[in-house]
Amino acid sequence: MSFWEYANPVKFMGLSGRLIPVLSVLTALCLAVGILWGFFGTPDDYKQGSTVKIIFLHVPSAMIAINAWIMMMITSLVWLIRRHHVSALAAKAAAPIGLTMTLIALGTGAIWGKPMWGTYWAWDPRLTSFMILAVFYLGYIALWNAIEDTDVAADLTSILCMVGSVFALLSRYAVNFWNQGLHQGASLSLDKEEHVDNAFYFPLLVCIAGFVLLFVILVLIRTRTEIRLRRAASLQARNT
Amino acid sequence: MLALFTRDLKLAFRSGGGFGLALAFFLIVVMFVPFGVGSDLTLLARIAPGILWIGALLACLLSLDRIFQLDHEDGTLDVLATSPLPLSGITAAKATAHWVTTGLPLTLAAIPLGYLLNLPEPAYIWLFASLAIGTPALSFIGAFGAAVTVGIKRGGLLLSLLVLPLYIPTLIFGAVSVTKSVDGLNPLPSLILLAGLTLFSVVLMPFASALALKANLN
Amino acid sequence: MTIKATNICCSRGPRQVLQDVCFSLTSGDCLILRGPNGVGKSTLLRVLAGLSQQSSGTLELDHEEIAYSGHLDAVKFQLTIAENLSFWAGVYGTDTTAQVIAHFGLNDLADRYAANLSAGQKRRLGLARMTLSNRKIWLMDEPTTSLDAEHTGLIAQSISDHCFAGGIAVLSTHLDLDIPSAKTLDLLQFIPTKDTNTSIFLQGSF
Numbered sequence: 001m002s003f004w005e006y007a008n009p010v011k012f013m014g015l016s017g018r019l020i021p022v023l024s025v026l027t028a029l030c031l032a033v034g035i036l037w038g039f040f041g042t043p044d045d046y047k048q049g050s051t052v053k054i055i056f057l058h059v060p061s062a063m064i065a066i067n068a069w070i071m072m073m074i075t076s077l078v079w080l081i082r083r084h085h086v087s088a089l090a091a092k093a094a095a096p097i098g099l100t101m102t103l104i105a106l107g108t109g110a111i112w113g114k115p116m117w118g119t120y121w122a123w124d125p126r127l128t129s130f131m132i133l134a135v136f137y138l139g140y141i142a143l144w145n146a147i148e149d150t151d152v153a154a155d156l157t158s159i160l161c162m163v164g165s166v167f168a169l170l171s172r173y174a175v176n177f178w179n180q181g182l183h184q185g186a187s188l189s190l191d192k193e194e195h196v197d198n199a200f201y202f203p204l205l206v207c208i209a210g211f212v213l214l215f216v217i218l219v220l221i222r223t224r225t226e227i228r229l230r231r232a233a234s235l236q237a238r239n240t
Numbered sequence: 241m242l243a244l245f246t247r248d249l250k251l252a253f254r255s256g257g258g259f260g261l262a263l264a265f266f267l268i269v270v271m272f273v274p275f276g277v278g279s280d281l282t283l284l285a286r287i288a289p290g291i292l293w294i295g296a297l298l299a300c301l302l303s304l305d306r307i308f309q310l311d312h313e314d315g316t317l318d319v320l321a322t323s324p325l326p327l328s329g330i331t332a333a334k335a336t337a338h339w340v341t342t343g344l345p346l347t348l349a350a351i352p353l354g355y356l357l358n359l360p361e362p363a364y365i366w367l368f369a370s371l372a373i374g375t376p377a378l379s380f381i382g383a384f385g386a387a388v389t390v391g392i393k394r395g396g397l398l399l400s401l402l403v404l405p406l407y408i409p410t411l412i413f414g415a416v417s418v419t420k421s422v423d424g425l426n427p428l429p430s431l432i433l434l435a436g437l438t439l440f441s442v443v444l445m446p447f448a449s450a451l452a453l454k455a456n457l458n
Numbered sequence: 459m460t461i462k463a464t465n466i467c468c469s470r471g472p473r474q475v476l477q478d479v480c481f482s483l484t485s486g487d488c489l490i491l492r493g494p495n496g497v498g499k500s501t502l503l504r505v506l507a508g509l510s511q512q513s514s515g516t517l518e519l520d521h522e523e524i525a526y527s528g529h530l531d532a533v534k535f536q537l538t539i540a541e542n543l544s545f546w547a548g549v550y551g552t553d554t555t556a557q558v559i560a561h562f563g564l565n566d567l568a569d570r571y572a573a574n575l576s577a578g579q580k581r582r583l584g585l586a587r588m589t590l591s592n593r594k595i596w597l598m599d600e601p602t603t604s605l606d607a608e609h610t611g612l613i614a615q616s617i618s619d620h621c622f623a624g625g626i627a628v629l630s631t632h633l634d635l636d637i638p639s640a641k642t643l644d645l646l647q648f649i650p651t652k653d654t655n656t657s658i659f660l661q662g663s664f
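Protein chains in written order, with our numbering: chain A, 1 to 240; chain B, 241 to 458; chain C, 459 to 664.
Hints listed in this document are in silico derivations from the structure and should not be mistaken for laboratory results.
C-beta atoms are modelled at their ideal positions from N, C-alpha and C, and glycine is treated no differently.
Incorrect hints may have been included.
Partner residues aside, some chain B positions facing chain A, computed with beta carbon under 8 Å [unchecked claim]:
no.	residue
1	F384
2	P409
3	A448
Listed next, the in silico DSS-like pairs over lysine-lysine satisfying Cα-Cα at most 27 Å (straight line) [as the list claims (entries may be wrong)]:
no.	chain 1	residue 1	chain 2	residue 2
4	B	K393	B	K454
5	C	K462	B	K250
6	C	K462	B	K454
7	C	K594	C	K462
8	B	K393	C	K641
9	A	K47	A	K114
10	B	K393	B	K250
11	B	K250	B	K454
12	C	K594	B	K454
13	C	K641	C	K462
14	C	K580	C	K594
This is chain A alone, in the form it adopts within the complex (with noise of 0.2 Å):
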């Protein structure tokens, strides 16, 4: 049994169609007690406040909207090589999702970083490299729309996806260099892991748990829907 026949469309429908409900419980326990806890079971910080709770939306969600394009990424590559279908297509369900995580990410950012910075937006490296992140979700779903051949679409937008992984590389690289440039040691600092003690830690960790089930049972379910949607499209090529 190797693990390259769940890009066979049929096990691989089989076998999400049994996880998914598992998957589900597990995700809304994780989040509720995750958050619950989060919000609830901690203390105030004594400089920020209660504002500091919104750490366990903002942390999750952009930790998946890095590690969604990444896993775009490595399917892309299993598509490009390997030419399994519903790799391709997981790739481009993950898309929309890392795309929202990011939006999130900005904005409980957003959120945060008024009381904490006395502003919504402030050009420092991390938020405008997520601006970026978000961007480059941006073309690569439009791409998809825009080509009408599917396997062509997968094709080209894998290829996208990678170029562009480097290239935001380099812009991650770049934006650091671009701050220290203009603005010399003037950029706020946004390491978390100075300001995160033990009481935010273990919930913050359930949260984290709880995302990356959410991120992936929506995989999983944007994927059957791809599926069904190429199955359709080949019925009705076969019946016309």
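Given chain A, put chains B and C in place with the hints provided.
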């Protein structure tokens, strides 16, 4: 490949489209800046490096879709793909021709346009150097975007959406090197990074473009 | 010099158009593909040219010997005829532009911009490009569209000459061309039957 390069140059000069339009667009962008932000010379001097780089970048973007679109429409691309030339060589030749007809004139035009924006004296050499070094990257990255969107009708807007994010590092390294020279700092590190980025693009992007073209011809 | 196609299946988008196409050709052969519009003549020619990939089956031919002409002319309007041809000579690494221009009676037109050519003259230019390429396998998609009897005769003559000189030609056309060595292949016989669609998305139940 040389034949393709010289043919593309000839076509660009004869049809007048890509060549003159980009320059005119660059001039208009620069002209619009004082209209938008006022004619205060010290303010203009401060934003001049960024405006000139963004203007050149947008002007370059304007003619990208012509790199492959015209050859795709009249069937030339199909014949070229079955010819002895490798697809990566085809894209490299076309990107080079695009640079000669767009990037190079823009680099030269940036000097007088910099004067219009009151760019400080020591920055001119760095403006010229950064554009001369950076615009090849714009052409080669842009050729990749053009290769991806070649099969899409009216794909111009999509092309911009795909290519502009890829231009971010080039813009940053290019504009920062000019800004630093204005501020009296050493612009050399960013210029070296820009050169590295250009080398990277020139060497590797033709292969990515070739992959995209192959998928599109299918 | 041979072409051998075994059980070639090809598809256009999600749709399979041809199934189990088999033929083999050797030097001097000319194959005329026939069938109604949409049957897959262009698709098969693109697969032979290596532009598209067959979904299954094996194809043996030397890609280094292919000269392809699609249903578009691949002519640049802003260039003269001589410039168009010398560009292709540069691409194919040959230097017989002058002879080819003379052979196709294009001498008087050589310095004219291709924008001013008639459809027949453009096709003649395309044919000149095929000859210029100095390649053995000609793949031509509808070379006779919008041509009068005289130009059709010219095309048939050129293809005959090419095959006589040891080349191979595969073309699609609706006309009866006067090519002695021509065999015809009716693509209607390769239309896939309904239940043979091999799309991975149609297998199993879910």
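Structure-based check of all given hints:
1. For F384 of chain B, the suggested interface contact is upheld, since its CB lies about 6 Å from the closest CB of chain A, less than 8 Å.
2. At a threshold of 8 Å, the smallest CB-CB gap from P409 of chain B to chain A is about 4 Å, leaving the interface hint in force.
3. Interface hint status for A448 of chain B: upheld, as the beta-carbon distance to the closest one in chain A is roughly 5 Å, under 8 Å.
4. Simply put, K393 of chain B and K454 of chain B have alpha-carbon atoms about 17 Å apart, close enough for the 27 Å limit, and the pair holds.
5. A C-alpha spacing of about 41 Å is found between K462 of chain C and K250 of chain B, which places the hinted pair above 27 Å, so the restraint is violated.
6. Between K462 of chain C and K454 of chain B, the direct Cα distance comes to roughly 24 Å. Compliance with the 27 Å bound is thereby established for this hinted pair.
7. Taken as a hint, the K594 of chain C and K462 of chain C pair is honoured in the structure, with Cα atoms around 15 Å apart against an allowance of 27 Å.
8. With a CA separation close to 38 Å, the supplied pair K393 of chain B and K641 of chain C exceeds the 27 Å bound.
9. For a cut-off of 27 Å, the pair hint linking K47 of chain A to K114 of chain A stands: about 14 Å separates their Cα positions.
10. The suggested pairing of K393 of chain B with K250 of chain B holds, with an alpha-carbon distance near 25 Å, which does not exceed 27 Å.
11. With a C-alpha separation of about 26 Å, the suggested pairing of K250 of chain B with K454 of chain B holds against the 27 Å cut-off.
12. Between the alpha carbons of K594 of chain C and K454 of chain B the distance comes to roughly 24 Å, so the proposed pair stays at or under 27 Å and holds.
13. Pair hint K641 of chain C plus K462 of chain C holds up; C-alpha atoms about 15 Å apart against a cutoff of 27 Å.
14. Between K580 of chain C and K594 of chain C the alpha-carbon distance is near 22 Å, which keeps this suggested pair within the 27 Å criterion.
Going down the numbered hints, you'll see the structure goes against 5, 8, while the others check out.
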